[in-house]
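Residues 1166 to 1356 in this note's numbering are what the sequence shown lists, from first letter to last.
For the record, the hints were derived by calculation from the structure and aren't laboratory data. Beta carbons are placed, not taken as given, at the ideal position from N, Cα and C, and that holds for glycine. Among these hints, one or two may not hold up.
Claimed, not checked - With a Cα cut of at most 20 Å, we get these calculated DMTMM-like pairs of lysine to aspartate or glutamate:
#1 Lys1186 x Glu1225
#2 Lys1186 x Glu1257
#3 Lys1186 x Asp1232
#4 Lys1186 x Asp1270
As the list claims (entries may be wrong) - For each label pair, taking beta carbons as the anchor points, the in silico distance ranges come out as:
#5 Gly1204 x Val1328: 26 to 36 Å
#6 Trp1327 x Gly1274: 17 to 27 Å
#7 Val1343 x Trp1315: 25 to 35 Å
#8 Arg1354 x Trp1327: 36 to 46 Å
#9 Glu1272 x Arg1300: 14 to 24 Å
#10 Gly1205 x Val1336: 17 to 27 Å
#11 Asp1191 x Trp1327: 42 to 52 Å
#12 Glu1272 x Trp1327: 19 to 29 Å
#13 Ala1334 x Arg1354: 29 to 39 Å
#14 Gly1274 x Leu1335: 25 to 35 Å
#15 Arg1238 x Gly1204: 17 to 27 Å
#16 Trp1327 x Pro1217: 48 to 58 Å
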Amino acid sequence: MTVLAIGAALLVSAAPARAGKAVSIDVGTIAVREQLLPGGVYHLPTFGVRNPGTEPTSYEISVSYVDGQAGLRPPDAWFTFEPASFDLAVGESRSVATILEIPTDAEPGDYSALIGPQIVGIGTGAQVGAGAAARLTFTVQPSSALDALWRQFLRFLAENPWVWAVALALVALAAVFVLRRRFSFSVTRRP
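Using the sequences plus the hints, can you model the full thing?
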């Protein structure tokens, strides 16, 4: 009975902790429906960042990924955020524009990433990296049919390394065949 009374007293007297620094984002998913082309520059939907915390906070927009994700990972160099970093007072909001620039040698396929604000730590003490993010998905299509076939062939070779051994064996056989046709060897025996 005494243990129950002490436990109840601890629960009642525990005050909820107030968050000092916090972040929220006004969108959960950005799904680009059109297929994007290598070499293209695309303006993604603008998203809002809000400071729901109890103190002014600095933020930096970043790109991250989900461990074990099935889609390709777009490098953070493909993204430009405007603004890339900023400060917000308590309750203040700010819009962030995102530009996605796909390089000409981008691998075709389905891409996935998380984009959003991270709290910038100040000081030298232990800190928890808090952040919020929107899941971004898009598809990069091949720049041409020939490019698509070439990339499919390269992917096949990468997934099937035995093909290289077979190809080298065929080249060696062809070289032996050509050499035998060009040069004739005869061995004679002298008495």
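Structure-based check of all given hints:
1. Lys1186 x Glu1225: Holds - the C-alpha atoms of Glu1225 and Lys1186 are around 13 Å apart, at most 20 Å.
2. Lys1186 x Glu1257: 13 Å, holds
3. Lys1186 x Asp1232: Answer violated: Lys1186 to Asp1232 is near 26 Å, above 20 Å.
4. Lys1186 x Asp1270: 40 Å, violated
5. Gly1204 x Val1328: 26 to 36 Å: 30 Å, holds
6. Trp1327 x Gly1274: 17 to 27 Å: 24 Å, holds
7. Val1343 x Trp1315: 25 to 35 Å: 28 Å, holds
8. Arg1354 x Trp1327: 36 to 46 Å: Hint holds: Cβ distance 44 Å, inside 36 to 46 Å.
9. Glu1272 x Arg1300: 14 to 24 Å: 20 Å, holds
10. Gly1205 x Val1336: 17 to 27 Å: Since the Cβ atoms of Gly1205 and Val1336 sit about 39 Å apart, the hinted range of 17 to 27 Å is violated.
11. Asp1191 x Trp1327: 42 to 52 Å: 51 Å, holds
12. Glu1272 x Trp1327: 19 to 29 Å: 23 Å, holds
13. Ala1334 x Arg1354: 29 to 39 Å: 34 Å, holds
14. Gly1274 x Leu1335: 25 to 35 Å: Taking Cβ atoms as reference, Gly1274 and Leu1335 lie about 30 Å apart, which means the hint holds.
15. Arg1238 x Gly1204: 17 to 27 Å: About 19 Å separates the Cβ atoms of Arg1238 and Gly1204, which means 17 to 27 Å holds.
16. Trp1327 x Pro1217: 48 to 58 Å: 56 Å, holds
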